[in-house]
Each structure stands twice: as C-alpha cells, then as structure tokens.
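Protein chains: 2
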Amino acid sequence: MSFNVPETDKKRVVIVGGGFGGLKLANQLKGSGFQVVLVDKNNYHQFLPLIYQVASAGLEPSSISFPFRKIFRKREDFYFRWANVTGFRAEKNTVSTSIGKLRYDYLILAAGTVTNYFGNANIEEAALPMKTVEEAMTMRNIVLSNLEKAVTCEDPVQKQELMNIVIVGGGATGVEISGVLSEMKRFVIPGDYPDLDVSKINVYLIEASSKLLGAMSPHSSASSEKFLRGMGINVLMNTKVLDYKDNKVVLDNGQEIPTQTFIWVSGVRATAFNHVKPEQLNRGGRIMVDEFNRVKGTENVFAIGDICYQTEKDYPNGHPQLAQVAIQQGVLLASNLKKLENGEKLEPFHYRNLGSLATIGRNKAVADFANINTHGWFAWIIWLVVHLRSILGIRNKLVVLINWVWSYLTYDNHIRLIMSAKKHITVDDEED
Amino acid sequence: MSFNVPETDKKRVVIVGGGFGGLKLANQLKGSGFQVVLVDKNNYHQFLPLIYQVASAGLEPSSISFPFRKIFRKREDFYFRWANVTGFRAEKNTVSTSIGKLRYDYLILAAGTVTNYFGNANIEEAALPMKTVEEAMTMRNIVLSNLEKAVTCEDPVQKQELMNIVIVGGGATGVEISGVLSEMKRFVIPGDYPDLDVSKINVYLIEASSKLLGAMSPHSSASSEKFLRGMGINVLMNTKVLDYKDNKVVLDNGQEIPTQTFIWVSGVRATAFNHVKPEQLNRGGRIMVDEFNRVKGTENVFAIGDICYQTEKDYPNGHPQLAQVAIQQGVLLASNLKKLENGEKLEPFHYRNLGSLATIGRNKAVADFANINTHGWFAWIIWLVVHLRSILGIRNKLVVLINWVWSYLTYDNHIRLIMSAKKHITVDDEED
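Just so you know, the protein sequences line up as chains A and B, in that order. For the numbering used here, add 95 to where a residue sits in the first sequence, where the first one is 1. For the numbering used here, add 95 to where a residue sits in the second sequence, where the first one is 1.
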C-alpha cells in the first residue's frame with residue numbers, strides 16, 4: 096500500500112487526527128494553496144460531547160459521527176487517508192503509518208488523547224472506556240445485556256454485580272453518564288424490566304479529588320454534586336480506585352463494590368508517537384509546543400489540541416483539554432502556516448475562554464461564563480442550543496432534535512439495542 | 096440461570112422468535128388470559144424489508160430495530176427473554192434454551208430462516224449474508240473499507256478485487272441491494288473518492304434461474320431486470336455460483352469474477368431445532384404443519400411464518416416466505432389458541448395475497464396486485480408509503496422519512512461510517 100497522494104509543487108500539510116482541532120485546521124486551509132492530507136484511524140469525525148447519549152441509548156451513533164469524505168466532498172488538493180499513524184521522523188520529514196510513509200512539508204499532530212488506566216492491567220481489561228463512539232456503543236451493549244442477564248440470574252451475588260453500575264471519574268463525561276443512567280433507572284428500567292427490583296440498581300460515581308467537574312467553577316462543581324445526590328447517585332468524593340478484582344472495584348477506603356458494569360472515565364494521556372524524545376513531553380505525555388504550537392526542537396512539526404502542552408500567562412500549567420482550545424489553536428495555526436509561507440511574523444496563541452457547560456439531566460445543567468455561573472433549567476437550555484448548533488449538517492440537527500424532544504416528552508431513551516457488526520473492521524497493522 | 100417466569104394458573108404460550116409472525120401473535124394475545132413468553136436471540140424486532148438501506152448507509156440500524164421491551168412495555172402476563180432456543184421435547188412439553196428449560200402449554204415456533212450456503216464452506220466463510228441488521232452493518236463496513244483500501248492499493252489485481260461488487264441471488268434483497276449500490280456508485284462515490292476511477296467499480300448481480308424476483312409476476316421480473324441493466328449493473332441470468340476461491344467467485348459458465356465484496360443473498364433454510372424428526376420436515380428444512388399451523392405429530396406445538404411448510408389449494412407447494420404470510424398466520428393462530436381453550440372449532444388458514452412490492456432505485460419499483468402489475472414512479476411511491484406505515488413508532492417514522500427525503504433531494508447516503516462496537520455481545524452458549 097501507499098498513500099497515493101500526488102507530488103505537486105504545492106507545499107504538503109499532513110494533519111494527523113480529525114478531531115475538533117484537526118478538522119478546524121483542515122477547514123481553514125481551504126484555498127490556502129497547500130496540499131492537505133488528513134489521516135485518521137476512523138473514516139469519520141466524532142462529536143465527543145454527545146457520546147454519553149449514544150452510550151445511554153438516546154442517540155444513534157451516526158447522529159454524532161460525520162464521514163470525512165462527506166465533509167470534504169469535492170474539496171480540491173485535499174486527501175483523506177484511513178490509517179494508523181505510528182510515528183514521524185523530524186529529520187527526514189516523513190510520517191510513518193499503517194499504509195506506509197509520507198513526506199511532509201508541515202506536520203500537524205492533532206491526535207488527541209487516549210484513556211489512561213494508570214498502568215493497571217486489571218482495570219484496563221475490565222473497564223468500559225468512553226473516548227470514542229465505538230466505545231459508547233460497546234457500553235450501551237454491556238449496560239443493556241447486563242440488565243437482561245440480571246433478569247434470569249439466580250445467584251444473588253452475581254445478580255447484584257449485574258445491577259450495580261460504577262462510574263470512575265467525576266469530570267464532565269462521568270457526571271453526564273451518571274446523570275443519564277440514573278434517569279434510565281428512574282424512567283426507563285421500571286417499565287422495561289417489571290421483573291427486576293429497580294431499587295437494587297445502584298449507580299456509583301467515584302471521584303479521586305474533592306470536586307466534580309474539576310475544570311469548572313466551585314459553584315458548578317457544588318451544583319453538579321448536589322444535583323447528582325438528589326438524583327439518587329452514590330457520589331464518593333476523595334476516593335481512589337486501587338484495583339478491579341473478582342468483579343469488584345477496590346477502593347482506597349477499603350470498600351469493595353461488586354459490579355460487572357465498570358465505567359472508566361477517570362483520566363487520559365496524550366496519544367503517543369514513535370521517535371518523540373522524552374524531553375519533548377510534559378505530564379500526561381502531552382507534547383510541549385511553543386506559543387505558535389510548534390513542537391519544541393522542530394522546525395515544521397506542530398501539535399494542537401489535547402495532545403499538546405502549551406503555557407501562557409493565565410495558563411502556567413498548560414491549557415485545559417477542551418474542544419474550544421483545540422478549535423482556536425486550529426484556526427490560528429491555519430493563518431500562521433500561511434504567514435510562514437509569506438515570510439510574515441507568526442502570531443502567538445492566546446486562549447479565549449468562551450465558558451464551559453455540563454449537563455446532568457432533565458432541566459439540569461451547569462454553566463460557567465466570564466461573569467456568571469448559572470445552574471438548572473436556563474443552563475440546560477444553553478447547553479442544548481450550544482450543542483445542537485455544533486452538530487454538523489441540517490439533517491443531523493433535525494434527527495438529534497427529534498430524538499431530544501421525543502426523549503424529553505416521553506421520558507424514554509429509544510435506542511435500547513444490544514447490537515454490533517459481527518466483523519469489526521480496523522485499519523491494517525502498523526509499519527514503521 | 097433460569098427463565099424466572101412465575102408458574103400461575105394461566106396457560107403458558109411460549110413464542111420462539113419475534114419476527115413478523117411471532118410479534119403479531121404476541122400482540123394479538125394481549126388480554127387473552129394466556130401467560131405469554133417471547134424468546135428471541137436479539138433484544139429487538141427487526142424490520143427486514145429495509146435492512147438493505149442499512150447496508151447501503153441510508154438508514155441507521157436503530158430506525159428499523161425495535162426493542163421488544165419497549166414494544167411490550169407494561170404489558171401484563173408478558174415475559175421477554177433474551178436467549179438462544181436450541182430445541183424442544185414435545186413429549187415433555189419443554190423448550191431448551193441457553194438460559195435453561197421452560198415448560199409450555201403451547202409452543203409456537205416462529206424463528207424464521209437462516210442464510211443457506213448449500214454446504215459450501217468457502218462461500219460461507221467469505222460471503223456477506225444479509226439476513227439481519229447486524230449483518231447489514233457488517234456489509235456497510237466492508238463495502239466502505241474496501242473502497243478506502245482501493246484508494247491506497249498499489250497492486251492492480253487486488254485493486255480490482257476491491258472495486259468489484261458481486262451480489263448472488265436475484266430475489267428482492269439482491270435486486271434492492273444491487274440497485275442502491277449502483278446509485279452509490281453513480282451519485283456518492285465519485286464525489287467521495289475523487290482519486291478512484293469510478294468506471295472501474297463493477298456491480299454484478301448473479302441469478303441461477305431465468306427470472307429476477309422469482310416470487311413476483313413475469314411483468315415485474317422483466318421490469319426489474321430492465322431497470323437494473325439500465326442502471327449499469329452486470330446482470331447474469333441462468334448462472335450458478337460454484338465456489339469462492341483466491342478472492343474469485345467461480346461461475347458455472349467457467350467465468351471467474353475477482354472480488355472482496357461478495358454478497359450472498361441467494362437462499363435460506365428454516366432455523367433448525369433439536370429433536371425435530373426428519374419426517375416432520377419438508378424442503379428447505381421447513382417444518383410441516385396442518386391447516387391450523389399445528390406441527391405434524393404434535394398436539395400443542397405450532398409453527399408460523401417462513402419456518403413452516405403449509406399447503407392449501409392455491410399453494411400446493413407451500414406458501415411463499417413473505418412477511419404477509421407470517422403476519423396472517425400469527426393473527427389466525429392467536430384466535431385459534433383462544434378457540435382451543437374454549438373448546439371451539441379451529442379455523443383453517445387461507446393466505447390472502449395483498450400484493451407484493453420491490454424497489455430498485457430512485458423512482459423505480461415494481462408492484463403486483465390482484466389485477467394490476469405496475470412499475471416505475473407510481474409503484475415506487477406505493478412502496479415508500481407501505482413501508483413507512485409499517486415502521487413502528489412515530490419517532491422512527493419521522494427519522495426514516497427525513498433520511499429518505501434528504502437522500503432523495505441530495506442524492507446522498509449519509510451514514511458512510513466504518514463502525515462497530517468493539518466487543519460483540521452474544522447470548523450465552525446453548526444448553527440442551
């Protein structure tokens with residue numbers, strides 16, 4: 096195999112990863128005179144803020160997954176390639192992938208992060224991560240099939256394992272999945288499983304630190320915890336998970352929670368590439384970049400989004416790993432690449448915090464903006480509008496809106512399907 | 096594990112399979128005074144007439160898959176169980192499944208058919224069947240990933256294998272999938288894959304007999320063939336597939352077609368159960384039943400739909416394996432079961448042919464009714480209305496309608512995702 100990308104007199108920009116940052120950058124480079132090659136291990140962009148609704152049977156995976164070839168349909172000098180990127184050789188200006196090597200003039204690393212199991216093999220094997228739409232589909236399958244098994248399970252111990260749900264990590268994803276699962280317990284499961292004692296279904300949310308939504312304001316953290324406790328979730332703060340053994344989550348307070356539905360959203364680390372030197376990395380494996388997002392020690396390699404570590408006055412320990420940072424870095428890098436070509440002075444990055452949001456449930460959300468922190472119904476409406484606007488395509492907006500309105504009116508998540516394509520298709524093995 | 100179904104003084108009806116027949120029967124038995132247990136290996140009913148649109152990225156799987164627990168929400172004396180049924184013991188009145196045995200007063204076999212590979216292991220291993228929504232998702236993944244691989248494939252022979260699509264079987268499914276794939280080739284692929292020579296994408300439809308849509312009128316058969324040839328499909332009539340070797344489909348005319356997209360919709364056989372005697376079966380493994388759908392040689396075991404073989408005056412060789420037959424048999428059996436309980440005389444089954452439809456593409460369909468055979472735009476509209484009305488639930492109807500209108504206006508299939516849940520969840524191993 097080869098990249099099958101033509102050599103032209105145009106400079107070639109290779110973008111690794113089509114998340115928020117990479118997608119925005121690729122869009123901004125339209126008509127820039129660059130040849131753009133986007134490489135991703137999926138053939139679609141994932142709108143990650145809503146995958147928890149896929150996991151909880153509220154949205155179709157396709158509503159938040161957008162095929163790159165459709166997004167860039169008929170775009171000139173653009174090439175999408177479906178491949179795993181394993182590393183790059185800065186000295187040779189080549190990137191190594193599962194479909195071979197490719198020469199670049201500019202390389203942009205925008206591959207984001209992967210779930211961090213902190214080296215615990217037991218946890219990695221048993222836990223359900225939720226970083227991708229496919230992982231969300233898997234979680235939907237497990238949550239539903241464990242309920243089905245609980246109905247016919249005769250062993251009381253195993254039955255309780257099947258009816259306990261443990262979510263580790265009190266960030267936005269953990270808070271959102273806890274909220275939606277507790278609503279499923281309240282509104283969906285009693286009608287669906289009349290022969291299950293719903294009072295025995297326990298949802299636990301475990302957070303190592305002293306606050307939920309650590310990236311948000313104290314007000315939002317407190318509100319979200321209040322909301323979740325009010326919804327009947329067992330929120331365990333200042334509690335660390337040590338291990339997962341014999342279908343039990345082992346906590347540092349000595350407690351053990353039996354469960355076969357063990358959701359792990361407690362940490363991420365940057366996607367790793369071969370031939371990156373340790374001194375180029377900071378905590379969480381994030382690649383250190385300068386104020387222009389240029390990877391330290393390189394000329395023409397850049398990194399944007401969650402994968403990079405960049406400091407500025409207000410962010411001495413790096414930016415929060417949020418879509419907004421990635422998007423803004425993508426926009427700036429596009430203009431800086433053009434400036435580089437024209438020999439103009441580059442513009443340094445400054446993060447403009449547009450505020451942050453998290454939803455907990457029906458009419459329940461928290462929102463932080465420059466001057467206001469709000470929670471409840473109003474924040475929830477803001478959340479809905481902001482996210483609906485971000486969905487690509489009118490058709491998708493319509494379908495998502497219908498699903499949301501329907502779920503709201505019927506207190507129902509419709510897509511309660513235990514389903515998967517039989518053969519899982521993956522890109523070929525890596526070469527380097 | 097156990098069925099966990101209470102023993103009451105109500106007679107227990109166990110329905111094996113929630114397809115068109117089993118679902119209709121279960122619905123009709125509401126308030127009948129029976130305890131109804133529905134067993135299916137999936138937790139959802141599949142609307143099979145539209146799975147070809149899932150395979151071709153036009154519809155979400157969830158639009159044509161309906162969770163049983165949602166359908167029968169809050170229904171009294173009803174129990175859904177997610178299990179594989181392996182066989183039954185008529186003399187003991189027990190059914191054997193992956194979650195244990197269950198006693199029945201009445202057993203109804205409605206498990207339909209499975210793909211028939213006619214004993215060819217090579218074909219079974221390589222071919223893509225399309226009997227289930229999951230198989231349709233797999234086909235979507237394979238069709239799309241083979242196109243991605245073709246883009247970067249350097250070996251011309253392998254490249255052509257990736258760009259040839261072979262569909263075996265000229266029944267409704269084969270005709271419909273051929274039509275939709277040829278429209279993808281014409282409307283979607285050129286824009287999505289500018290670096291593929293679309294003229295090298297060949298779609299073959301292979302039919303062993305002398306007519307397509309064998310179950311329909313000569314007029315419809317001829318029209319569909321004319322439509323498909325007009326759409327650029329290589330239709331091979333009176334041609335048998337002997338084998339699949341070295342990525343080639345071997346035909347009985349000596350021809351070999353290289354392909355890695357080998358779709359097999361050429362035959363079915365009845366789902367088999369342990370302890371059914373050979374003399375109870377007819378061709379295709381169909382279980383012989385009398386005019387009341389009672390399995391020959393049993394008192395309280397019945398079979399409806401594709402799985403059963405029943406003759407009547409106009410159908411000396413059994414009924415066609417169509418949804419309408421299953422639905423009508425389900426309706427009649429429900430009333431006959433009540434009659435049995437009241438000691439009334441049973442009513443024999445007579446199939447009322449309401450007509451049949453098949454769609455080939457945009458504005459192209461064929462329709463057979465008592466007195467009229469029609470094709471083209473009008474038949475296509477009838478097809479759309481009939482199928483939209485059959486979709487369960489207003490929300491699903493809306494989503495499907497939006498997808499159809501959108502695809503029609505934009506000449507686009509939106510769901511071009513190579514995606515699958517990582518862990519495939521299946522019901523436990525069988526016990527018997």
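Where hints are given, some of them may not hold.
Since copy identity is lost for identical chains, a pair holds within one copy or between any two.
To be verified - Below are the BS3-like pairs computed for lysine-lysine, each with C-alpha atoms no more than 27 Å apart in a straight line:
#1 Lys-321 <-> Lys-169
#2 Lys-372 <-> Lys-492
#3 Lys-244 <-> Lys-226
#4 Lys-187 <-> Lys-433
#5 Lys-244 <-> Lys-196
#6 Lys-244 <-> Lys-136
#7 Lys-335 <-> Lys-105
#8 Lys-125 <-> Lys-408
#9 Lys-254 <-> Lys-196
#10 Lys-343 <-> Lys-226
#11 Lys-295 <-> Lys-169
#12 Lys-125 <-> Lys-492
#13 Lys-434 <-> Lys-254
#14 Lys-244 <-> Lys-125
#15 Lys-187 <-> Lys-434
#16 Lys-169 <-> Lys-244
#17 Lys-187 <-> Lys-136
#18 Lys-343 <-> Lys-125
#19 Lys-196 <-> Lys-280
#20 Lys-335 <-> Lys-440
#21 Lys-434 <-> Lys-244
Calculated from the structure, these hints are not laboratory results.
Checked hints:
no.	hint	result
1	Lys-321 <-> Lys-169	neither (50 Å within a copy, 32 Å between copies)
2	Lys-372 <-> Lys-492	neither (43 Å within a copy, 55 Å between copies)
3	Lys-244 <-> Lys-226	both (26 Å within a copy, 26 Å between copies)
4	Lys-187 <-> Lys-433	within (22 Å within a copy, 80 Å between copies)
5	Lys-244 <-> Lys-196	between (47 Å within a copy, 16 Å between copies)
6	Lys-244 <-> Lys-136	between (34 Å within a copy, 13 Å between copies)
7	Lys-335 <-> Lys-105	neither (52 Å within a copy, 52 Å between copies)
8	Lys-125 <-> Lys-408	neither (32 Å within a copy, 69 Å between copies)
9	Lys-254 <-> Lys-196	between (51 Å within a copy, 20 Å between copies)
10	Lys-343 <-> Lys-226	within (23 Å within a copy, 39 Å between copies)
11	Lys-295 <-> Lys-169	between (54 Å within a copy, 20 Å between copies)
12	Lys-125 <-> Lys-492	within (24 Å within a copy, 38 Å between copies)
13	Lys-434 <-> Lys-254	neither (63 Å within a copy, 40 Å between copies)
14	Lys-244 <-> Lys-125	between (52 Å within a copy, 26 Å between copies)
15	Lys-187 <-> Lys-434	within (23 Å within a copy, 83 Å between copies)
16	Lys-169 <-> Lys-244	between (48 Å within a copy, 19 Å between copies)
17	Lys-187 <-> Lys-136	within (23 Å within a copy, 54 Å between copies)
18	Lys-343 <-> Lys-125	neither (52 Å within a copy, 42 Å between copies)
19	Lys-196 <-> Lys-280	neither (50 Å within a copy, 30 Å between copies)
20	Lys-335 <-> Lys-440	neither (48 Å within a copy, 69 Å between copies)
21	Lys-434 <-> Lys-244	neither (60 Å within a copy, 36 Å between copies)
In the structure shown, a violation is registered for the earlier hints numbered 1, 2, 7, 8, 13, 18, 19, 20 and 21, in ascending order.
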